[in-house]
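Q: Same order as they appear, the protein sequences are chains A and B. Following full-length UniProt numbering, the residues of the first sequence are numbered contiguously, the last one being 267. Following full-length UniProt numbering, the residues of the second sequence are numbered contiguously, the last one being 350.
Some hints here could point you the wrong way.
Covered stretches of chain A, going by a simulated chain B footprint (3 or more residues, C-beta under 8 Å) [stated by the list, open to error]:
1. 22-32
2. 83-94
3. 123-131
4. 179-187
5. 198-209
Because the hints were derived from the structure by calculation, they are not lab data. Heads up, the beta-carbon is just placed ideally off N, CA and C, and yes, glycines get one too.
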Amino acid sequence: MLEVNNLNVSLDDLILAKDMSFTLEPGKVNVIIGPNGTGKSTLLKTLFGDIKANSGEIKFSDEVLARKQLAQWRKQFGYMPQDIRLDVELSVLEVVLLGQLNTLGFRLEDHVIKEALTALDKIGLLHLANREVNKLSGGQCQMILFAQALMRKPKILMLDEPVSALDLHFQHVLLDHLDTQTKEQSWVTLMVLHDLNLAAQYADNLLVLKDGKLVASGHPSNVLTPQLVKDVYNVDAHVTKDMSGTPFIRTVRSKTELLTDNHQQSA
Amino acid sequence: MHSDLISDAISTQRRSEKRRWSVICILLTVLILSFVLDVATGPSLLNIKEVANALLSLLGAPVQVDPTTQVIVSSLRLPIAIMAVVVGGVLGVGGAEMQTLLNNPMASPYTLGMAAAAGFGAALVLYFGSLGIDTNLAVPLGAFVCCMLAATFLFALATMRHISSGQLILAGIALLFLFQSLLSLVQFVSSPELSQQILFWLFGSLSKASWSNLAIIVSVTVVCMVFLVRDAWKLTALRLGEERAKSLGVNITQLRLRTLLIVAVMTATVTSFVGIIGFVGIVAPNIAKILVGEDQRFFLPLSFIIGAFLLSSASVLSKVIVPGALFPIGIVTAIIGVPFFFWLILGKRR
Numbered sequence: 001m002l003e004v005n006n007l008n009v010s011l012d013d014l015i016l017a018k019d020m021s022f023t024l025e026p027g028k029v030n031v032i033i034g035p036n037g038t039g040k041s042t043l044l045k046t047l048f049g050d051i052k053a054n055s056g057e058i059k060f061s062d063e064v065l066a067r068k069q070l071a072q073w074r075k076q077f078g079y080m081p082q083d084i085r086l087d088v089e090l091s092v093l094e095v096v097l098l099g100q101l102n103t104l105g106f107r108l109e110d111h112v113i114k115e116a117l118t119a120l121d122k123i124g125l126l127h128l129a130n131r132e133v134n135k136l137s138g139g140q141c142q143m144i145l146f147a148q149a150l151m152r153k154p155k156i157l158m159l160d161e162p163v164s165a166l167d168l169h170f171q172h173v174l175l176d177h178l179d180t181q182t183k184e185q186s187w188v189t190l191m192v193l194h195d196l197n198l199a200a201q202y203a204d205n206l207l208v209l210k211d212g213k214l215v216a217s218g219h220p221s222n223v224l225t226p227q228l229v230k231d232v233y234n235v236d237a238h239v240t241k242d243m244s245g246t247p248f249i250r251t252v253r254s255k256t257e258l259l260t261d262n263h264q265q266s267a
Numbered sequence: 001m002h003s004d005l006i007s008d009a010i011s012t013q014r015r016s017e018k019r020r021w022s023v024i025c026i027l028l029t030v031l032i033l034s035f036v037l038d039v040a041t042g043p044s045l046l047n048i049k050e051v052a053n054a055l056l057s058l059l060g061a062p063v064q065v066d067p068t069t070q071v072i073v074s075s076l077r078l079p080i081a082i083m084a085v086v087v088g089g090v091l092g093v094g095g096a097e098m099q100t101l102l103n104n105p106m107a108s109p110y111t112l113g114m115a116a117a118a119g120f121g122a123a124l125v126l127y128f129g130s131l132g133i134d135t136n137l138a139v140p141l142g143a144f145v146c147c148m149l150a151a152t153f154l155f156a157l158a159t160m161r162h163i164s165s166g167q168l169i170l171a172g173i174a175l176l177f178l179f180q181s182l183l184s185l186v187q188f189v190s191s192p193e194l195s196q197q198i199l200f201w202l203f204g205s206l207s208k209a210s211w212s213n214l215a216i217i218v219s220v221t222v223v224c225m226v227f228l229v230r231d232a233w234k235l236t237a238l239r240l241g242e243e244r245a246k247s248l249g250v251n252i253t254q255l256r257l258r259t260l261l262i263v264a265v266m267t268a269t270v271t272s273f274v275g276i277i278g279f280v281g282i283v284a285p286n287i288a289k290i291l292v293g294e295d296q297r298f299f300l301p302l303s304f305i306i307g308a309f310l311l312s313s314a315s316v317l318s319k320v321i322v323p324g325a326l327f328p329i330g331i332v333t334a335i336i337g338v339p340f341f342f343w344l345i346l347g348k349r350r
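In isolation and in its complexed conformation, chain A is listed as follows:
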């Protein structure tokens, strides 16, 4: 169980987490949503120990995050940062292998390579294994980095916008795989998503951030309401529910006509 108590984080004058408290349970997919620049990535970095909190406590199964045992703390994490550029002369296989950095020897054993290839196979990318990463598309890189993060055999898995460059098919491949693995391996999974409908489909627990504050949390069907979307994003939305009770958010085009009118007048 990952516990965050009264967390406060600020960079210069910018407050990125304000008195934040929540608990994340193993075997659950937790999704953070919220507007740009509201502290989502900062929260992940703080949990990873990369940004220092001003105050508050972060605990994972009774172990408290402390500066001194940072290396030990990070061993439990699989962390996939937002940036997906891979401008390096390495093969896909080599990049995935780096996920197990600490166990790699000067000579690569067959079973180590096999493990990396199996990870690629599971997300349907085995055919790319021997290709150069700097010749792949952004979406392919993102999938490869996902495989790399899984290679760390994490207890806590954090992903920062893991589907930002993926097509419809791979969005679901990644999220389905993530969902089953989270449940099978009892990971604490925490990811940032922008697409509210994907969040509604895959989240077991939704954390809504605005201006560094946790404004709502809970199951998507309870959290995602027109009022919340209006409050957090300042966008009008209709929310309906499908047969399984999963909310479906359809945003309403706003003020666009007014804008074009103004443009025409000024022109």
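Given chain A, put chain B in place with the hints provided.
A: Structure of chain B alone, referenced to chain A:
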């Protein structure tokens, strides 16, 4: 599960590893050839057979060798030829690791001002005198101290938490300009003879090679290389970007400091004995990268071998251009380095 596809992929990986090892072996052979040529050429115009015999007898083979030839080969040519290999290798590796660390193909100890600082240190000692220490020792010592000073400044920056590699490079380039103008200042206030002496040191020369110098350089190099090879995978991970390397559990600050220190010590040591030799540090790693990619298990040794080959062949050229005279090697490396570099830049466009 596609176990047949998986074993296919494994054998493809093994083939690619084998290919890279053979590239390394081929270049090693080329290096050995260049090394032998380096020993075989020189002002005393010995013929190759005599030189080969002298080498064989050094290795314990029962061959008849003229004592003069033996002395020329074992105490003059051999140290110079080995020096060329080790120094070139160190410059290649220094460049390789700077480029890895700073994520920039233009980085090298030379472009970051470390070599210029060493030159300034040497010039200072030549100008102010050696305070009673033997000049042959004092000048390298001055160069070493100044080079480490410049490196310390870079360390201090690198320990700062949120400094980017781009900022580090800019700081290094600023150091380069600073030490270059300080160097010009010393030359400006020096007498013409002294200025000449400084200039000669700056050109870079292997002629001061001796077995005792070599002992120092080789032992420093071996120790440093062991540490670098131990970090090989971490350095490879660093090439995915600092953020990502961090996410894989690499302690970036520590790795940066350790690598900077190793590179600084190696560079300071070789530069203090041979003077400023530019370009090997930039060109060698870039060629290595094209040939074997950026897996440091291959990239690191190949950067050494190519650096060694560049300097060794430059050493041969410096003796051949004007028969009977020794051309400053620092000049030759830049002259053969520039076409290489252009080939490299234009080749990348394809």
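Q: Would you mind marking each hint as holding or not holding in the structure?
A: Each hint, compared with the structure:
| no. | hint | in the structure |
| --- | --- | --- |
| 1 | 22-32 | violated (count 0) |
| 2 | 83-94 | holds (count 9) |
| 3 | 123-131 | holds (count 4) |
| 4 | 179-187 | violated (count 0) |
| 5 | 198-209 | violated (count 0) |
Taken one by one, the earlier hints fail for this structure at numbers 1, 4 and 5, listed in ascending order.
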